[in-house]
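The listed protein sequences derive, respectively, from chains A, B and C.
To convert, note that position 242 of the first sequence is 242 in our numbering; the numbers rise steadily by one, no gaps.
To convert, note that position 174 of the second sequence is 174 in our numbering; the numbers rise steadily by one, no gaps.
To convert, note that position 1 of the third sequence is 1 in our numbering; the numbers rise steadily by one, no gaps.
Please note that the accuracy of each hint is not assured.
Identical chains share a label here; the pair holds if one copy fits it or two copies do between them.
Stated by the list, open to error - Heads up, simulated DSSO-like pairs for lysine-lysine below, C-alpha to C-alpha not over 30 Å straight-line:
id	residue 1	residue 2
1	72	301
2	366	72
3	315	285
4	365	55
5	328	70
6	364	30
7	276	72
8	331	55
9	331	285
10	72	160
11	160	315
12	200	285
13	30	365
14	30	370
15	365	331
16	54	328
17	276	200
18	315	365
19	276	328
20	30	366
21	200	55
Bear in mind the hints are in silico, worked out from the structure with no lab data behind them.
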Amino acid sequence: MSQDGGCYTWIWTCFFEYSTPKILLIRSRKVGAINRFIQAVIIGYVIGYVCVLKKGYQETDTVLSSVTTKVKGIALTNTTAMGLRVWDVADYVIPPQEESSFFVMTNMIITPGQNQSHCPEIPSATANCSSDGDCMAGFSDTRGNGVQTGRCVNYSASAKTCEVLAWCPLEEDVDPPEPPILAAAENFTVLIKNHIRYPKFNFSRRNILPHINSTYLTNCVFSRTTDPDCPIFRLRDIVSEAQEDFQDMAVNGGVMGIQIRWDCDLDMPESWCVPKYTFRRLDNKDPENTVAPGYSFRFAKYYSDGEVETRTLIKAFGIRFDVMVFGKAGKFNIVPMLLNVGAGLALMGLVTVVCDWIVLTFMKKKNIYKEQKYSYVDDFELLSEEIP
Amino acid sequence: MSQDGGCYTWIWTCFFEYSTPKILLIRSRKVGAINRFIQAVIIGYVIGYVCVLKKGYQETDTVLSSVTTKVKGIALTNTTAMGLRVWDVADYVIPPQEESSFFVMTNMIITPGQNQSHCPEIPSATANCSSDGDCMAGFSDTRGNGVQTGRCVNYSASAKTCEVLAWCPLEEDVDPPEPPILAAAENFTVLIKNHIRYPKFNFSRRNILPHINSTYLTNCVFSRTTDPDCPIFRLRDIVSEAQEDFQDMAVNGGVMGIQIRWDCDLDMPESWCVPKYTFRRLDNKDPENTVAPGYSFRFAKYYSDGEVETRTLIKAFGIRFDVMVFGKAGKFNIVPMLLNVGAGLALMGLVTVVCDWIVLTFMKKKNIYKEQKYSYVDDFELLSEEIP
Amino acid sequence: MSQDGGCYTWIWTCFFEYSTPKILLIRSRKVGAINRFIQAVIIGYVIGYVCVLKKGYQETDTVLSSVTTKVKGIALTNTTAMGLRVWDVADYVIPPQEESSFFVMTNMIITPGQNQSHCPEIPSATANCSSDGDCMAGFSDTRGNGVQTGRCVNYSASAKTCEVLAWCPLEEDVDPPEPPILAAAENFTVLIKNHIRYPKFNFSRRNILPHINSTYLTNCVFSRTTDPDCPIFRLRDIVSEAQEDFQDMAVNGGVMGIQIRWDCDLDMPESWCVPKYTFRRLDNKDPENTVAPGYSFRFAKYYSDGEVETRTLIKAFGIRFDVMVFGKAGKFNIVPMLLNVGAGLALMGLVTVVCDWIVLTFMKKKNIYKEQKYSYVDDFELLSEEIP
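Chain A extracted, bound-state conformation (with noise of 0.2 Å):
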């Protein structure tokens, strides 16, 4: 292409140069049939699946969130141990703020007045005894109340147990009270407020949409169909709509989650942006492989007279309720679209594989098709020759 030219003409012939591959046009309604019908499939996959359903030509940001919540209600309860009694959210949520999570209560086993004393241990494989050989000073079982004495005491007209040192009295190894004491909490509202972020499209969005006014918040409660935009949820509704039972979940307490879902398509206009609430229940009902069901924790509060220090020892039973908050956002984007682009026009490249078989394989003709499809280059006589 060059040996008779100077190095800059070689150039110049070669810069101008448009090189094409030569065709071979065959007029056959068969083949054409199936050539068009296979670009059409692949054509429809591109722009049908990949664009429009999946938005293959969008580039994607997962979400930044941040959760505030403010629960309501009062609860009355009637027991033996603490006679009439109102329950505020100060008394029911524990701790008083958390991140993105919050507790409340519904259920309880108090033990009040405990101060550091020696007691007998609550009755146990390791903590039965018949004389004081059977206990051993400093022994502390992992699963037990206190640390052994060494003596064996009566735990009860019928039963000796180790003594320990531990908060005495201890609290009773009893299942929880049934129906739970704070059965009323079915009733209290959340109020969740949510503010996400897509930071790589610098997008924000809060969970109270821009048409929501203030006198709606106060009085709304979120029902799927007729108020599906309140931010504001009865725990009753949440539980439910999860397929369970509050009073049956509020004995053993459990796990509740939240699932705000942020969808957004940033190619439409930002009020198609909207949150999607669903509940899952997330701790495991089913007794069969589960130690310690349903969710509690163990919390005091301490009181001192100025000598003793005393506490009142609380397992606390309820529901914990996770806002989990997820969702991808999309946006036009040149990377992705080329990227799904290109490998469509190769998946085009199936085309000819794919009826190049069927001609040269199936049709009466193949051989006429053959002889002017291919020109053969014989080198197998010269391959003595070729290898140096």
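We have chain A; now place chains B and C onto it with these hints.
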């Protein structure tokens, strides 16, 4: 190609065959220039945009993060209710530790000496009454403070409300004090320790960078211009960087986002991977479409003299600082690179499509080109034979 | 192609046309072998690496997780300040419940009986004084404990410091006790319940695997070799797996990461999707470039005798365990698969480029190939006519 030999020969021949398309070279300035221009655009896009700007040759991973915070500062208040009082970190950070956020109380409504008893409800639509008949024993309003006893009592000289069983005296329904009680909180500082990890690349890093020594850390305060690497932040600076006024925000509380972005190119030196701090207000300032503006919650300190349990109810207004860590690490990987190169090559196929269309439609010698480029095999006369 | 017929005929002809490139077949061992070798490499890469190793045919989703924890254990301490004392979970887990982390106190500095009064500040550069003139009424150092009253008083026999209004007596500025007070915390156990969900695939799973029964759960302790599925962890084991010493870490506290990785191939049986536990220390042990080494915070228990509020300030050192759940689920999906196949096919185009270059440059018979492969249409003599 193979009927004339055995199967072995056929495979042999086929294996050592190389098929290359036959090419028509057109030497024309116009077409050549168009051809080269489109090629240059595509190569430029693939190399410049995909590879250099978007780092399409990199595999990415998202960040795993752990945050600890430590607030410091002392505030002096002088209120009629409490007299002269000093507040330290154990008083105003509630709860004392959280996973990746911290709350600093800036304002409060304190109701000391509450105990379970009867008192008139705060006036409201459901609580106002003129006689006992307006009150319903056992009724409790979700937005109320207790459970009605059924009696209508004097709230003040002029107003009567239903009596409730509740923690009495009730918290007064007033706006938070202005200026905020703990206005001095603006000078508090917080040390944020952040440890991140990209599990896919087994890469860890801390926001206390290797070149920082402990002497510097004991004295520095973050400043975007002079101390951009110092992990100690003055609360006022955080709020003012988000274009907000600390004293305004402190009255009703709010939520601030401390965003730490770790965008790391792991093909570069490790020391280039540094955190970027930005600050945003996350709650809605606009009082139009919101309820419970700002950020507040109630908690109580419980006391007992052995007989009666009393509590001090505190409605705490304050700023919750959410530390949000995000980012993406990229590292060279052959799969995304070849994916992008492949898609780029496929786009090169577009060159031929465009140039062929120009050459065969607009050029004067288009018929010569057509003659050279295409050969025809016409099959239409055979249609009747083809269809079986 | 169409000037000689009506529009309908033209579309008809065009629709049933199939264009296939004309091919030059070169039968040469050398070129054929190179050709097949490059093809094999690309096919091997696409199938072996992209499809088998990287599972390029799968759509992926990241994990949504919910964690609950329950610590168990008893510790006995014998200090001069408090005498013999037993600590249970309500004493050492602060706050009593968190979302996906838990804190176990291992060491502490207790300052009982604090009330709001005047006392000399702890000696420091800003607090030391020789006369009242060195102190400024109303001044409070961010690192101090109170607000100066302006008087200079005796701190000890030898030192004078500014008097402050504060919670007095002040916490002594001492190093944490060594050995740690709650050294027995190493034997505490924690039950971690983890529920995960891949929302895109509607797939949920728990870390208490289906084959585990409750009898096993009451007795097992995690061990990488013998009990890798047990979700109950001894704290000492967690720390020692991270190559740290529990007793060392307990003195100043620290942050441990409990990483649970859920990498699930949802094309495989569900039972293959199991959590993998790993443990890492997340805070910086190195005292060189850090402040406030370890992990500690202050909290207070408030008491009141009706008149004066006193508090017990506790500087709690301990280990915060952050449960970090991450992972990726993959499931067959047609889009990423065709994307990768498309890119692979496009790479096949490289074969022709490389082989052509070899054939037309290095082979002896290159001129014969060139002659066969290329046809030329020369347009340079027409240049003047072309430009309008």
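Each hint, compared with the structure:
no.	hint	in the structure
1	72 / 301	both (23 Å within a copy, 19 Å between copies)
2	366 / 72	neither (82 Å within a copy, 81 Å between copies)
3	315 / 285	within (20 Å within a copy, 36 Å between copies)
4	365 / 55	neither (44 Å within a copy, 43 Å between copies)
5	328 / 70	within (27 Å within a copy, 33 Å between copies)
6	364 / 30	within (12 Å within a copy, 34 Å between copies)
7	276 / 72	within (23 Å within a copy, 38 Å between copies)
8	331 / 55	both (9 Å within a copy, 19 Å between copies)
9	331 / 285	between (41 Å within a copy, 28 Å between copies)
10	72 / 160	between (47 Å within a copy, 24 Å between copies)
11	160 / 315	within (25 Å within a copy, 40 Å between copies)
12	200 / 285	between (40 Å within a copy, 24 Å between copies)
13	30 / 365	within (12 Å within a copy, 32 Å between copies)
14	30 / 370	both (17 Å within a copy, 24 Å between copies)
15	365 / 331	neither (51 Å within a copy, 45 Å between copies)
16	54 / 328	both (12 Å within a copy, 20 Å between copies)
17	276 / 200	both (22 Å within a copy, 15 Å between copies)
18	315 / 365	neither (88 Å within a copy, 91 Å between copies)
19	276 / 328	both (13 Å within a copy, 23 Å between copies)
20	30 / 366	both (13 Å within a copy, 29 Å between copies)
21	200 / 55	both (17 Å within a copy, 15 Å between copies)
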